[in-house]
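J.: The lines below spell out each chain.
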Amino acid sequence: MTSAYLDFVRIRFLMMLAYRVNYYSGIIIYAINIGAYYFLWKAIYGEAETLQGFTVIQMSTYVAVSWMARAFYFNNLDREISNEIVDGSVAIQIIRPYSYLIVKMMQGFGEGLFRLLLFMIPGMIIVSFIFPITLPTDPVQWIVFFVMIWFSFLINTQLNILTGLGAFFFENNQGIMSMKRILVDLLSGVVVPIAFFPGWAISVMNWLPFQAITYLPGSVFTGRIQGADVWNALLVQVIWTVVLIVPIMLVWRAARRRLFVQGG
Amino acid sequence: MSRYAFMLGLYRDYFANYMKTKLSYRADFWIEVLSDLMFNGLNLVFIFIVFMHTPSLGNWSEAEVVFVYGYFMIASGLFSTFFSAWNFSERYIVKGEMDRVLTRPAHSLLQVMLENMDPPAIVGSIVGLVIMISSWTTLGLPFHWYDPFVLIIMVLGSCFIYMGIYTALSAISFYSDAPTGIGPLIYNIQNYGRYPVEIYNKTIKFLLTWILPFAFVGVYPASFFLGRLDEWWMAWLTPVVGVVVLSLGLWFWNYGVRRYRGAGS
Chain A
15 MTSAYLDFVR IRFLMMLAYR VNYYSGIIIY AINIGAYYFL WKAIYGEAET
65 LQGFTVIQMS TYVAVSWMAR AFYFNNLDRE ISNEIVDGSV AIQIIRPYSY
115 LIVKMMQGFG EGLFRLLLFM IPGMIIVSFI FPITLPTDPV QWIVFFVMIW
165 FSFLINTQLN ILTGLGAFFF ENNQGIMSMK RILVDLLSGV VVPIAFFPGW
215 AISVMNWLPF QAITYLPGSV FTGRIQGADV WNALLVQVIW TVVLIVPIML
265 VWRAARRRLF VQGG
Chain B
16 MSRYAFMLGL YRDYFANYMK TKLSYRADFW IEVLSDLMFN GLNLVFIFIV
66 FMHTPSLGNW SEAEVVFVYG YFMIASGLFS TFFSAWNFSE RYIVKGEMDR
116 VLTRPAHSLL QVMLENMDPP AIVGSIVGLV IMISSWTTLG LPFHWYDPFV
166 LIIMVLGSCF IYMGIYTALS AISFYSDAPT GIGPLIYNIQ NYGRYPVEIY
216 NKTIKFLLTW ILPFAFVGVY PASFFLGRLD EWWMAWLTPV VGVVVLSLGL
266 WFWNYGVRRY RGAGS
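Line order of the protein sequences matches chains A and B. For the first sequence, this note's numbering assigns the number 15 to the initial residue and increments by one for each residue that follows. For the second sequence, this note's numbering assigns the number 16 to the initial residue and increments by one for each residue that follows.
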């Protein structure tokens with residue numbers, strides 16, 4: 015059974031490879047985004063050496079690495095799942111002898127792996143030539159970072175699955191999906207590191223899963239979080255990964271009972 | 016003249032059609048409005064947070080940056096209302112719907128625009144106008160009788176720039192077989208035009224002014240009202256650049272349509 019699931023990873027990886035031209039433009043897109051925020055932050059810093067504990071160099075590193083990590087964990091599983099629910103093909107998938115949700119997760123991982131190898135790593139190399147960023151020299155920091163963005167992937171994918179399954183309950187959940195995307199961009203720290211938010215907002219966001227997607231791995235990578243706090247950050251990610259299984263199972267169970275196919 | 020009456024009639028009919036489909040998904044309309052506003056809200060939150068840590072952004076105050084953003088929202092809301100064919104390449108070229116469009120008498124681009132109308136986006140323009148008016152009073156800017164008229168001309172110019180660029184981008188699909196992922200590219204470049212161009216380096220400033228003139232959908236025209244342009248004629252280039260870009264876009268589209276050979280399915 016496991017090998018069947020691994021095949022889903024492989025197939026999706028190969029599928030992405032077939033359309034790889036799209037991804038060359040993707041690297042440019044991310045470089046442009048990083049550039050926009052780089053100049054913006056440079057203007058924000060002005061004469062200041064540090065803001066909220068971030069030095070200028072740490073900030074540009076943070077911007078670069080959080081966008082590049084986004085390339086890895088980002089996927090459109092919410093849209094895929096909701097499309098399959100709306101066009102009815104989910105009904106066929108449910109009766110097959112595998113877990114629909116795990117298959118989706120595996121497909122998402124195949125896509126993530128593709129983006130990691132052909133997008134994130136080359137992108138990071140290109141970006142590090144263009145912008146002044148410093149990469150950590152300690153190999154442990156690199157390993158921890160890759161473990162952490164693996165959890166970013168899990169948490170973000172779980173949120174995507176949850177939103178996608180919303181199509182069982184709302185006939186058209188386009189709006190909900192775009193709202194989720196905006197929430198993730200704002201609250202995960204990809205646009206603004208969480209330390210920059212006002213105090214009350216930070217305490218709210220500490221209780222939400224979004225910071226575990228970008229802010230925690232980004233802070234570890236730039237060395238803002240160090241020592242024992244690194245393990246705390248990792249623990250927060252593990253806890254959210256486990257906790258999010260509960261709503262997914264509940265929604266999935268309720269959804270299967272009320273499946274109705276529109277048209278089809 | 017009857018050609019324009021025909022186009023207006025088409026617009027009315029398509030709009031009625033749109034309302035009928037939307038009324039069957041009533042809640043969704045409001046969710047769409049809300050998510051549009053949230054997207055703009057995200058960018059405003061970014062501005063507010065940034066100004067918690069710095070008094071100015073390249074000599075621009077918070078109220079001024081918000082003012083520019085308000086202007087930007089008016090133009091981009093209006094643009095998205097009438098032109099939101101993000102998935103043009105997949106829907107019209109890959110799935111072959113373009114063949115259907117081309118058998119009809121109205122101009123192909125007009126049909127594509129009408130089929131992809133997105134009226135909820137207009138709420139963004141209204142909110143943008145409110146933001147602009149409120150920063151107008153905060154900044155204590157003088158109000159001249161001609162300002163509303165200038166605003167209309169500037170917004171039209173900005174919309175033309177958007178339309179021209181997106182028309183050209185969509186038309187790339189006529190020339191290439193592969194689905195192009197260029198939409199998000201431009202979507203992200205837009206980010207640049209909302210902030211004072213002075214903060215970027217010379218290359219990007221030049222690019223945003225003369226090559227992909229997104230600076231004209233935000234910072235230049237808005238500066239007219241703020242009264243802080245280095246060269247007074249920069250703002251007035253907005254409608255000119257708009258007409259030029261739109262004409263180029265249309266030419267590229269029409270040429271592409273003539274070359275287009277169909278999906279072959």
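Rather than coming from a laboratory, the hints here were simulated on the basis of the structure. The C-beta atom is built at its ideal place from N, Cα and C for all residues, glycine as well. Just to be clear, a hint being listed does not mean it is correct.
[To be verified] Where chain A lies over chain B, by a calculated footprint (3+ residues, C-beta under 8 Å):
hint	region
1	24-30
2	63-69
[Stated by the list, open to error] A few chain B residues that don't get close to chain A, going by computed Cβ distances all over 12 Å:
hint	residue
3	137
4	203
5	219
J.: Take the hints in turn and mark each one as holding or not.
T.: Here is what the structure says about each hint:
| no. | hint | in the structure |
| --- | --- | --- |
| 1 | 24-30 | violated (count 0) |
| 2 | 63-69 | holds (count 5) |
| 3 | 137 | 16 Å, holds |
| 4 | 203 | 5 Å, violated |
| 5 | 219 | 7 Å, violated |
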